[in-house]
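Colleague: Please construct the entire structure, taking both the sequences and the accompanying hints into account.
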Amino acid sequence: MIYFDHNASTPVRPEAREAMNEALAGTGANPSSAHREGQRARAAIERAREQVASLVGADPAAVTFVSGGTEGDHAAVIGMALANEKRGRSVAISAIEHHAVHGAGEVLGRLGFRVTHLPVDARGYLDPATVPAAGSGHTLVAVMLANNETGVIQPVAEIAARARAAGLAIQCDAVQAAGKIPVDFESLGVDALVISAHKLGGPKGIGALILREGTPCEPLFRGSAHERGRRGGTENLPGIVGFGVAAECAARELAAEAPRLLALRGRLEAGLRAALPDTVIHGERAPRLPNTVNASFPGARSDHLLMALDARGVCVSAGAACASGAVEPSPVLEAMGVPREIAVCALRLSMGRGTGAEDVDRVIAALAESVRAVRGTTTAAGARGA
Amino acid sequence: MTPERATPAPAPGASGAAAPARRVLAAMSGGVDSAVAAALLAERGHELTGVTLKLWCYGRSPVSPRACCTLDAIDDARRVARRMGFPHYVVEAEEVFRARVLQPFLDAYAGGRTPYPCALCNQHLKFGDLMSRVDEVGADVLATGHYARVARLEDGTPALLRARDAAKDQSYALALIPFASLGRAVFPLGDLTKDEVRAEGLRLGLSVWDKTESQDLCFVPDGDYAGFMTKSLGETRGTREGPFLDREGRRLGTHRGIIHYTVGQRRGLGLAAATPLYVLAIDAARNAVVVGPRSALECAGLATGPVNWLMPRPPEPGARVDVKIRYQHRPAAARVHARPDGSATVRFDAPQPAVTPGQLCAFYQGERCLGGGAIEHALDADGAPPAPGRGAADKAGAGLVTIALS
Chain A
1 MIYFDHNAST PVRPEAREAM NEALAGTGAN PSSAHREGQR ARAAIERARE QVASLVGADP
61 AAVTFVSGGT EGDHAAVIGM ALANEKRGRS VAISAIEHHA VHGAGEVLGR LGFRVTHLPV
121 DARGYLDPAT VPAAGSGHTL VAVMLANNET GVIQPVAEIA ARARAAGLAI QCDAVQAAGK
181 IPVDFESLGV DALVISAHKL GGPKGIGALI LREGTPCEPL FRGSAHERGR RGGTENLPGI
241 VGFGVAAECA ARELAAEAPR LLALRGRLEA GLRAALPDTV IHGERAPRLP NTVNASFPGA
301 RSDHLLMALD ARGVCVSAGA ACASGAVEPS PVLEAMGVPR EIAVCALRLS MGRGTGAEDV
361 DRVIAALAES VRAVRGTTTA AGARGA
Chain B
1 MTPERATPAP APGASGAAAP ARRVLAAMSG GVDSAVAAAL LAERGHELTG VTLKLWCYGR
61 SPVSPRACCT LDAIDDARRV ARRMGFPHYV VEAEEVFRAR VLQPFLDAYA GGRTPYPCAL
121 CNQHLKFGDL MSRVDEVGAD VLATGHYARV ARLEDGTPAL LRARDAAKDQ SYALALIPFA
181 SLGRAVFPLG DLTKDEVRAE GLRLGLSVWD KTESQDLCFV PDGDYAGFMT KSLGETRGTR
241 EGPFLDREGR RLGTHRGIIH YTVGQRRGLG LAAATPLYVL AIDAARNAVV VGPRSALECA
301 GLATGPVNWL MPRPPEPGAR VDVKIRYQHR PAAARVHARP DGSATVRFDA PQPAVTPGQL
361 CAFYQGERCL GGGAIEHALD ADGAPPAPGR GAADKAGAGL VTIALS
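Residue numbers (our numbering), protein chains in the order written: chain A, 1 to 386; chain B, 1 to 406.
Possibly wrong hints are sitting among the right ones.
A short list of chain A residues far from chain B (calculated; beta carbon distances all over 10 Å) [what the hints assert, rightly or not]:
| # | residue |
| --- | --- |
| 1 | Arg162 |
| 2 | Arg228 |
| 3 | Asp303 |
| 4 | Ala311 |
| 5 | Ala326 |
| 6 | Glu328 |
| 7 | Ala373 |
Mimicking SDA-like on lysine to any residue, the simulated pairs with C-alpha atoms at most 25 Å apart in a straight line are [stated by the list, open to error]:
| # | chain 1 | residue 1 | chain 2 | residue 2 |
| --- | --- | --- | --- | --- |
| 8 | A | Lys86 | A | Ser67 |
| 9 | A | Lys204 | A | Gly103 |
| 10 | B | Lys168 | B | Ala99 |
| 11 | B | Lys168 | B | Gly138 |
| 12 | B | Lys194 | B | Val141 |
| 13 | A | Lys204 | B | Arg79 |
| 14 | A | Lys204 | A | Ala258 |
| 15 | B | Lys194 | B | Asn287 |
| 16 | A | Lys204 | B | Phe86 |
| 17 | B | Lys231 | B | Lys211 |
| 18 | A | Lys204 | B | Lys231 |
| 19 | B | Lys168 | B | Asp224 |
| 20 | A | Lys204 | B | Thr254 |
| 21 | A | Lys204 | B | Gly85 |
| 22 | B | Lys211 | A | Lys86 |
| 23 | A | Lys204 | A | Lys86 |
| 24 | B | Lys168 | B | Phe179 |
| 25 | A | Lys204 | B | Arg83 |
| 26 | B | Lys194 | B | Pro117 |
| 27 | A | Lys204 | B | Asp75 |
| 28 | B | Lys211 | B | Asp75 |
| 29 | B | Lys211 | B | Leu125 |
| 30 | A | Lys86 | A | Ala134 |
| 31 | B | Lys231 | B | Asn287 |
Simulated from the structure, these hints should not be mistaken for laboratory data. Just so we're clear, the structure is a prediction, and the values are computed from it rather than from any experiment. Ideal placement from N, C-alpha and C gives every residue a C-beta, glycine not left out.
Modeller: What follows is the structure in C-alpha cells.
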C-alpha cells in the first residue's frame, strides 16, 4: 500500500508514540491538582507547550491546547468576533478556507453576524488588496496559510499588515502548513494561529490555538480556569505530550525534509505530465507546499479514480465529499474558476515522511493505468448510451 | 445446437465453498439483500470492494428513510463493509440515473404508458455503468443482491435463471441487462429464501438484518408517482384534465390527467356504472382514458419494442415460451416471434388481462429467462392492435422536459 494522503493525516512518529505511552502509564493525576503527582502531570504539559511554541516561533504563554484544528478555528474566529462585537458585527473569510473556518462563520451567521468572502484568483491566491478597509464594519479577517487541497501558500504576512492597518483582527489556519514549511508567528503578524498535531506526526484529537498576548478573544468552553481560562476542560495529557514531541521532531527535520519533498513533487509532476500530457495541476503558478499536488485528469472522474487506485494499492484523496460520501467538485477549485468538468476529475496527492522516489514512480504508473482504465470505460459507457 | 433446453449446470462460485477466491465488485444499496450477498462472498474469502451508487443529491431533496439509496442507506452499506472488513465507495451516478431511468419514466407516463424503471436501473446502472467499472478496479465479477441465478449451459453460454425461491424471484427485473454482462454477474442469494437471507444477516451480525423492505420504487417511496412527477420533477405533461371514454367513444366523465392512470386500474376512477369499469387504454394523443368492463381487458397477444435477448440468438419463430407481463403476473404460455427489427410479437395460449404498454414483457423457458422488452401495445385475435388506444402511445412522449429536482 502506498500512502499519498498525508494532508488528511500522517502516521504518528515513533518518538511521539513512545512519549504518549509513558504519559499514559506514568501518572493518573489531574494536571490541575496541587499535589506532587498533579505537578508532574502539569510539568509534562508545560514542556509540550514549549515544544509546540517553538515550532511556530511563539511565546509558550500564547499557546492554548484545544482538541484540534476545527476547535481552534472556532475558538479563534467566534471568540474574536464576539470580543469585538461592540465595534462591528461583520467578519471576512477567504473563499478557500477549510470547512472548520466556514463552519465557524456559520455559527456567527446564526448569531446575526454578517459573513463576507474574499475571492482568490485562478492560481488560488488571495489578493491582499481585497482585505476590507477600515470603516467597513468588519472586525476580523480569516485567511489560511496553506490550502489543504491545493497546497497554495497565501500571502498572510501582507494580508495581516493590511488588516492591522485597518484595525481588523486576523486569524490564520496554519493546520496544513505547520511542519511542512517554516511558520513564524511573529513575522506572520497574525493575532491567532491554529495548528493540529495529527498533520505533523502527532496524535489525532489535539491541536493548539496560538493567540497574541492581549488579543481580545472570548473563550467558547468555560468552566474551571484551565489553559489560563481560555479553554475549560481537563487537559488531554497523552495527546498534548505526543503533540509536543511531534512538534519538536518536525521542527528539527524541517530544513532537510522540505527540500526532499520538493524534489519528489517535481518528480511526481514531471512523471504525470510525461505519462498523461493533459494533466492539469491546480495552483501550479502559485507558491505551494512541497508535499502537495492537486491534479485533474480530464475525462476520468475522481470517484472512479479513487476506486481504481485503491485496487492498485494507492491511497489518495479526491476534492470534496458531499454528505453521502460521494465526490463533488471542490469549492476551493470552484473559487479558482476551474470548470466543473475538470474539477470533478481532481485528485490530491500528498506525500510525507515515509515517501520515497520509488513510491512516486509507482504512483505515476498506477495513476497512468487507472486514468486510462477509467477513461476507457467512461468512453465506452458514453458510446453505449448514445 | 440450440441449447435452451439443456440442463443448466451450477455456475462456478455461485454456491461455492470450493470456488477459488475472486475479486468482486459488490453493488450495495444499503438494504438487507445486497448486504448479505456481499457479506457472504466476503466470508467465503473473496476479495470485495463495495459500491453504493448515489442516484440523488441528498443534500437538497427529501427522501424517505425507508427507501434505498438514501443517506441512511449509504451508512448502512458502509457499516456492513466495515464489519466484514472490505472497502466501500460511493459513486456518483446522478447523471446516468436521470438520463436512463428518470427521463424515460417521465416520458412513458406522459405518453400514456406505465413504465417499469427497475429494469432500466438494472440495465443502465448496475449492469451498465457499474459493470463497466469491474475492470477499472481490477475485479473479476459484479455481485448484487438480486434473487436470481446464473448458470452455464453445456456449451459454456451463461443463462439467467429464476431464483430458487419463486416468491422472491427477481429475474424479471433483470431481463434487460446486457447479455455480455451475464457471464460476469454473481447472485449469491439465488438459492436462498428471504427468511434464510435475514437469518444469514443475523448470523453475520449485520445491523440491517431486520431492515424493512422497500415495497415501492426506491425514488418514490410513498408510492405517489403522480405527485412525485409533478411536485418533485416539475412535470406538466399528462396532467391536464380530459375525458373518460367508453369503447364507443362516449364521454363518461372527466379524468384528472393521464399520468394518474394505468391499464387495468379500477379504483379511483370516480365513475358510476352498473358493472365495475376498468382502464382499458390511455390515448395520450387525445388525452383520453378509455374504460370498459373487465372482459374487455383480455388480449390475445402483444407486440414489444426492442427485445434484449439473454441468449446468443433469438429463439426460433413461434418458439413456445412463458411470458410474464408485469412483476406480479403469473407467466402465461405463449408463442413468440422475434422480428427482424429486434422487436417481437407474442400470442398467448389463453387471453391475458391488462396488457399494459410500457411494462416489461419477459420470456421464460422453464427456469431460464430468455430476455425481455417493453410492451408496445396489445394485439387482438387477428394480430392487430385493438381499437382503443391504437398508436397513441408512440407519439405523445416525444417532447422532452428538463428534469429539475427540487
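Colleague: Take the hints in turn and mark each one as holding or not.
Modeller: For each hint, the structure was consulted:
1. The beta carbon of arginine 162(A) is kept farther than 10 Å from every beta carbon of chain B, the shortest such distance being approximately 36 Å.
2. Under the 10 Å C-beta cut-off, the non-interface status given to arginine 228(A) relative to chain B holds; the minimum distance is some 41 Å.
3. At roughly 5 Å, the least C-beta separation between aspartate 303(A) and chain B is not larger than 10 Å, which violates its mark as non-interface.
4. Chain B draws alanine 311(A) into its interface by the beta-carbon criterion, the shortest separation being 4 Å against a cut-off of 10 Å.
5. Here alanine 326(A) does not stay apart from chain B, with its beta-carbon only about 4 Å from theirs, under the 10 Å limit.
6. With a closest Cβ-Cβ approach of about 8 Å to chain B, glutamate 328(A) is found to fall inside the 10 Å limit, against its non-interface label.
7. Residue-level check failed: alanine 373(A) sits 5 Å from the nearest beta carbon of chain B, not beyond 10 Å.
8. Only pairs whose Cα atoms come within 25 Å are accepted, and lysine 86(A) paired with serine 67(A) is rejected, the gap being roughly 29 Å.
9. For the hint pairing lysine 204(A) with glycine 103(A), the CA-to-CA distance comes to about 20 Å; that is within 25 Å, so the pair holds.
10. Distance hint between lysine 168(B) and alanine 99(B) is unfulfilled; the C-alpha atoms sit about 29 Å from each other, more than 25 Å.
11. Under the criterion of a C-alpha separation no larger than 25 Å, the hint pairing lysine 168(B) with glycine 138(B) is inconsistent with the structure, at around 32 Å.
12. Taking the CA atoms of lysine 194(B) and valine 141(B), the gap is about 23 Å. The hint holds against a cut of 25 Å.
13. About 22 Å separates the Cα atoms of lysine 204(A) and arginine 79(B), which keeps this hinted pair within 25 Å; it holds.
14. The hinted pair formed by lysine 204(A) and alanine 258(A) meets the criterion: a straight-line CA distance of about 23 Å does not exceed 25 Å.
15. Taking the CA atoms of lysine 194(B) and asparagine 287(B), the gap is about 43 Å. The hint is violated against a cut of 25 Å.
16. Restraint check: the Cα-Cα separation between lysine 204(A) and phenylalanine 86(B) comes to about 24 Å, which is no more than 25 Å; the hinted pair holds.
17. Between the alpha carbons of lysine 231(B) and lysine 211(B) the distance comes to roughly 29 Å, so the proposed pair goes past 25 Å and is violated.
18. Proposed proximity of lysine 204(A) and lysine 231(B) is contradicted: the alpha carbons are some 46 Å apart, above 25 Å.
19. Proposed proximity of lysine 168(B) and aspartate 224(B) is supported: the alpha carbons are some 24 Å apart, at most 25 Å.
20. The suggested pairing of lysine 204(A) with threonine 254(B) is violated, with an alpha-carbon distance near 67 Å, which exceeds 25 Å.
21. For the proposed pair lysine 204(A) and glycine 85(B), the alpha carbon gap of about 23 Å is at most 25 Å, so the pair holds.
22. For the suggested pair lysine 211(B) and lysine 86(A), the alpha carbons sit about 54 Å apart, so the restraint of at most 25 Å is broken.
23. Between the alpha carbons of lysine 204(A) and lysine 86(A) the distance comes to roughly 36 Å, so the proposed pair goes past 25 Å and is violated.
24. Distance hint between lysine 168(B) and phenylalanine 179(B) is fulfilled; the C-alpha atoms sit about 22 Å from each other, no more than 25 Å.
25. Under the criterion of a C-alpha separation no larger than 25 Å, the hint pairing lysine 204(A) with arginine 83(B) is consistent with the structure, at around 23 Å.
26. Using a Cα cut-off of 25 Å, the hinted pair lysine 194(B) and proline 117(B) holds, with the two alpha carbons roughly 23 Å apart.
27. For the hint pairing lysine 204(A) with aspartate 75(B), the CA-to-CA distance comes to about 23 Å; that is within 25 Å, so the pair holds.
28. For the given pair, lysine 211(B) sits about 13 Å from aspartate 75(B) by alpha-carbon distance, which is consistent with the 25 Å threshold.
29. Using a Cα cut-off of 25 Å, the hinted pair lysine 211(B) and leucine 125(B) holds, with the two alpha carbons roughly 24 Å apart.
30. With a CA separation close to 15 Å, the supplied pair lysine 86(A) and alanine 134(A) stays within the 25 Å bound.
31. Distance check on the hinted pair: lysine 231(B) and asparagine 287(B) sit about 21 Å apart at the alpha-carbon level, within 25 Å; holds.
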